[in-house]
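There are 2 protein chains.
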Amino acid sequence: MDKNLVVIGGTAAGMSAAAQARRGDPSLPIIVFERTGYITYGSCGLPYYIGNVIKDVNKLITYTPEYMKKQRNIDVYILHEVVGINTQEKYVKVKNLKSGETFNQPYGQLVIATGAVSVVPKIPGIDNNGIFTLRNIEDGIKIKEFLSSKNVKHAAILGAGFIGLELAEALRNWGIDVNIFEMLPRILPQIDEELSALIEAELEKNSVKLYKNTKVVEFKPAEKGGLKIITEGNNIFDADMVIAAVGVKPNTLLAQNAKIQTGTLGGIAVDKYMRTSCPDIWAAGDCTETYNRITKKPVYVPLGTTANKQGKIAGENAAGGSVIFPGIIGTQVTKIFNTYTATTGLNEISAKDAGMLPISAKIKHVDKAGYYPGSKSIHVKIIIDKNTAKVIGAQMAGSEGVGKRIDIFATAITAGMTVYELNELDLAYAPPVSPVYDPVLIAASSGIKALEKT
Amino acid sequence: MDKNLVVIGGTAAGMSAAAQARRGDPSLPIIVFERTGYITYGSCGLPYYIGNVIKDVNKLITYTPEYMKKQRNIDVYILHEVVGINTQEKYVKVKNLKSGETFNQPYGQLVIATGAVSVVPKIPGIDNNGIFTLRNIEDGIKIKEFLSSKNVKHAAILGAGFIGLELAEALRNWGIDVNIFEMLPRILPQIDEELSALIEAELEKNSVKLYKNTKVVEFKPAEKGGLKIITEGNNIFDADMVIAAVGVKPNTLLAQNAKIQTGTLGGIAVDKYMRTSCPDIWAAGDCTETYNRITKKPVYVPLGTTANKQGKIAGENAAGGSVIFPGIIGTQVTKIFNTYTATTGLNEISAKDAGMLPISAKIKHVDKAGYYPGSKSIHVKIIIDKNTAKVIGAQMAGSEGVGKRIDIFATAITAGMTVYELNELDLAYAPPVSPVYDPVLIAASSGIKALEKT
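The listed protein sequences correspond, in order, to chains A and B.
Residues in the first sequence are numbered consecutively from 10, following the working numbering.
Residues in the second sequence are numbered consecutively from 10, following the working numbering.
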């Protein structure tokens with residue numbers, strides 16, 4: 010039997026697994042197969058590449074196969090697609106996408122890190138030219154080539170989640186008119202409506218047209234070129250290009266074909282060691298589902314941070330280690346034009362779903378001393394479990410100061426702090442950095458009042 | 010017996026006490042006596058006022074006596090100095106500094122919030138014109154008037170602590186040559202030398218001359234105006250003005266005269282309810298000493314955040330409440346030119362003093378995704394207690410991103426997290442906000458390696 014490690018997917022999770030396995034075992038043969046032409050790129054940077062904030066796509070590419078071979082002695086094969094896993098005889102079937110030839114690669118340990126794929130909405134005409142999804146670097150290059158070569162004046166984005174909104178900003182950077190179509194009555198469902206409304210205002214301020222409660226039912230080529238977008242109710246919009254950003258789903262086809270168990274949310278099911286249901290097979294990253302540390306329930310929140318960490322755990326354990334992944338609390342942040350928005354822990358809906366009685370308070374406060382030039386507003390919503398007084402969630406929107414303040418909440422929530430303990434924190438103060446009472450503490454203080462009123 | 014609250018000092022602590030007592034008891038007569046002409050100003054903003062970052066001194070003044078009367082029904086008397094406390098008969102002796110008359114004001118409850126005073130170094134010639142200290146708003150106005158009316162080309166600062174360095178930046182904003190004289194072989198003793206060295210480099214980059222190991226022994230008026238500064242070894246420097254920023258000490262004269270107990274560090278001794286040794290007398294803010302939450306030992310760290318919080322506690326309790334102040338962990342941050350530096354918890358020296366075995370690691374990492382424009386470096390030092398693996402301190406220097414990242418550590422330290430727990434945190438990531446592995450997590454990971462190596 011081969012003593013080696015085979016990794017399916019040169020994703021962040023896959024490459025983290027390979028690198029960590031190498032640290033654990035300097036002599037283990039490690040082989041990575043990647044379907045696309047690129048490994049371990051910063052896919053979260055793609056909207057910024059499309060929006061010309063980042064000009065050179067190579068900046069998003071952290072490592073090359075050559076680097077991995079030379080520096081880590083890891084064999085990376087790009088444009089090699091794993092098309093099957095034989096869990097009995099312990100080999101993967103690999104197709105060289107350049108030559109077309111297929112071969113079997115035996116494995117000792119196997120890490121599945123196939124990532125996620127874009128959900129392509131089943132809308133008639135979705136296959137027309139000029140309609141894109143964005144998941145990997147090749148998608149990004151295609152979109153940017155289209156923008157550079159065509160005279161795009163009107164664009165449409167399907168979906169008002171984080172990626173959809175980041176793409177709206179990217180396209181506005183080109184001076185393009187942008188319509189966003191969202192089926193739900195609201196944007197950013199991770200965030201409660203008081204705060205997502207602030208982001209709606211930011212979109213409006215930046216001339217992005219948002220159509221909520223709006224279902225696109227058909228795409229048609231327009232006579233003079235471009236597309237017609239038809240929405241329910243038969244409204245017709247012009248667009249020179251469309252990006253569908255309605256979400257991603259775990260890429261589990263290989264795993265399912267190999268009878269590896271998936272979970273209730275559709276991701277590959279793994280234990281805290283990142284072990285799948287099949288011996289010697291591990292999985293990590295956006296193809297798996299994980300656990301929420303607060304509710305202990307399965308969640309599917311495909312994010313780069315989680316993928317990297319899970320990859321490390323899977324790689325270390327595949328190389329003989331015994332480390333665990335503790336789950337996530339769902340911390341997320343993004344910048345939409347000049348407004349940053351972030352969330353961590355549970356929101357009111359997910360807290361109720363978990364059987365808790367959420368008490369919340371919302372405040373607005375400055376991010377620096379009020380008298381210090383450039384001081385801006387931050388909105389904070391804090392969510393507390395009535396029974397335990399523990400902080401279980403927080404959301405923010407406002408200036409750049411949102412970015413790492415959300416992590417104070419993330420830390421407090423993970424530590425199981427009550428709102429009283431949060432209120433007593435000795436946080437940093439200097440006029441260019443924070444007001445005397447940081448917005449986090451103001452939120453804690455308001456949270457206490459809300460809790461004691463109930 | 011009077012049922013009222015008298016507050017000595019319109020400081021942040023004093024005004025917080027008054028305001029909180031009002032919240033607790035809407036009908037309690039509340040009287041505040043303030044020696045200077047201003048109350049509850051943002052004294053941490055003074056260096057920025059001097060440096061013209063803040064042009065109007067009124068921006069630093071949060072509230073006026075008129076506002077406090079109208080909005081809170083609190084009687085504030087400025088230019089009224091309390092010159093004695095009679096703890097037996099329960100009254101304070103007050104001098105009206107305008108009229109010169111003196112009167113007795115009975116108290117039911119008394120809060121002492123007399124703040125701190127600048128340490129004036131005992132150097133011959135310290136009384137010469139053009140030599141200043143900076144503590145209150147009137148000091149700030151005097152310094153700015155001097156800068157505005159005199160042709161100051163050369164200035165000297167005594168002391169390379171936070172305030173001394175902030176003042177160096179303020180004076181460089183005027184285009185003035187600045188020499189800093191520091192008796193110690195290093196700057197910023199709160200911060201370990203690996204990081205304070207980065208601030209030294211920032212001073213040099215901004216043409217501030219730093220003389221370490223340098224004791225000023227005399228000031229003399231120069232013949233052509235200005236001053237001669239003579240240092241040990243008889244080196245002579247010219248200066249048109251000097252600011253002594255060698256530290257502050259608790260203003261305890263009144264308390265000591267009234268036989269109210271002071272602590273081992275010279276501040277008024279208070280229990281966790283902010284009660285002094287004397288019945289019905291409370292104290293809060295920079296005139297008191299407090300406790301470090303990690304070592305449980307007394308510390309004197311006069312900061313605006315602590316003063317505000319202690320004032321609230323003292324005021325609430327003086328009005329019949331029963332809340333406690335849990336102590337501090339010494340979180341501090343400042344901006345020196347373009348470098349932010351911050352500290353929280355124990356440093357290596359204070360950890361050893363507390364009988365711990367500190368293990369540390371230092372890392373350098375980007376504050377945003379490396380490919381995102383404007384990404385800058387952050388240096389992080391993490392300090393771990395070898396016996397418990399708990400995080401007990403952290404220090405940072407670098408970009409603006411330092412400011413609130415230190416609070417992630419402050420939260421983790423307060424929660425008693427181990428470095429392993431810190432390493433597992435689900436922190437926010439987006440390219441404009443953080444790299445995939447936040448510098449805090451990189452530091453945790455390096456801390457684990459350092460811990461496991463020992």
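Mixed in with the good hints there might be a few duds.
Note: identical chains are not told apart, hence a pair may lie in one copy or across any two.
Stated by the list, open to error - Below, a list of computed lysine to any residue pairs in the SDA-like style, where the Cα atoms sit at most 25 Å apart:
| # | residue 1 | residue 2 |
| --- | --- | --- |
| 1 | Lys-214 | Asn-396 |
| 2 | Lys-258 | Pro-115 |
| 3 | Lys-237 | Ile-451 |
| 4 | Lys-131 | Ala-28 |
| 5 | Lys-224 | Asp-186 |
| 6 | Lys-385 | Ser-331 |
| 7 | Lys-12 | Arg-302 |
| 8 | Lys-224 | Ile-150 |
| 9 | Lys-104 | Gln-270 |
| 10 | Lys-305 | Gln-270 |
| 11 | Lys-281 | Ala-424 |
| 12 | Lys-79 | Ile-451 |
| 13 | Lys-305 | Glu-147 |
If you are wondering where the hints come from, they were derived from the structure by calculation, not from laboratory data.
Against the structure, the hints come out as follows:
1. Lys-214 to Asn-396: neither (41 Å within a copy, 55 Å between copies)
2. Lys-258 to Pro-115: neither (28 Å within a copy, 73 Å between copies)
3. Lys-237 to Ile-451: The answer is neither: 49 Å in one copy and 49 Å across copies each exceed 25 Å.
4. Lys-131 to Ala-28: neither (38 Å within a copy, 61 Å between copies)
5. Lys-224 to Asp-186: within (19 Å within a copy, 66 Å between copies)
6. Lys-385 to Ser-331: neither (46 Å within a copy, 35 Å between copies)
7. Lys-12 to Arg-302: Neither. Shortest intra-copy (34 Å) and inter-copy (51 Å) distances fail the 25 Å Cα cut-off.
8. Lys-224 to Ile-150: Neither: 28 Å inside a chain and 63 Å across chains, both beyond 25 Å.
9. Lys-104 to Gln-270: within (24 Å within a copy, 82 Å between copies)
10. Lys-305 to Gln-270: within (19 Å within a copy, 52 Å between copies)
11. Lys-281 to Ala-424: both (19 Å within a copy, 24 Å between copies)
12. Lys-79 to Ile-451: The answer is between: 24 Å across copies meets 25 Å, while 52 Å in one copy does not.
13. Lys-305 to Glu-147: neither (36 Å within a copy, 57 Å between copies)
Comparing the model with each numbered hint stated earlier shows that hints 1, 2, 3, 4, 6, 7, 8, 13 do not hold.
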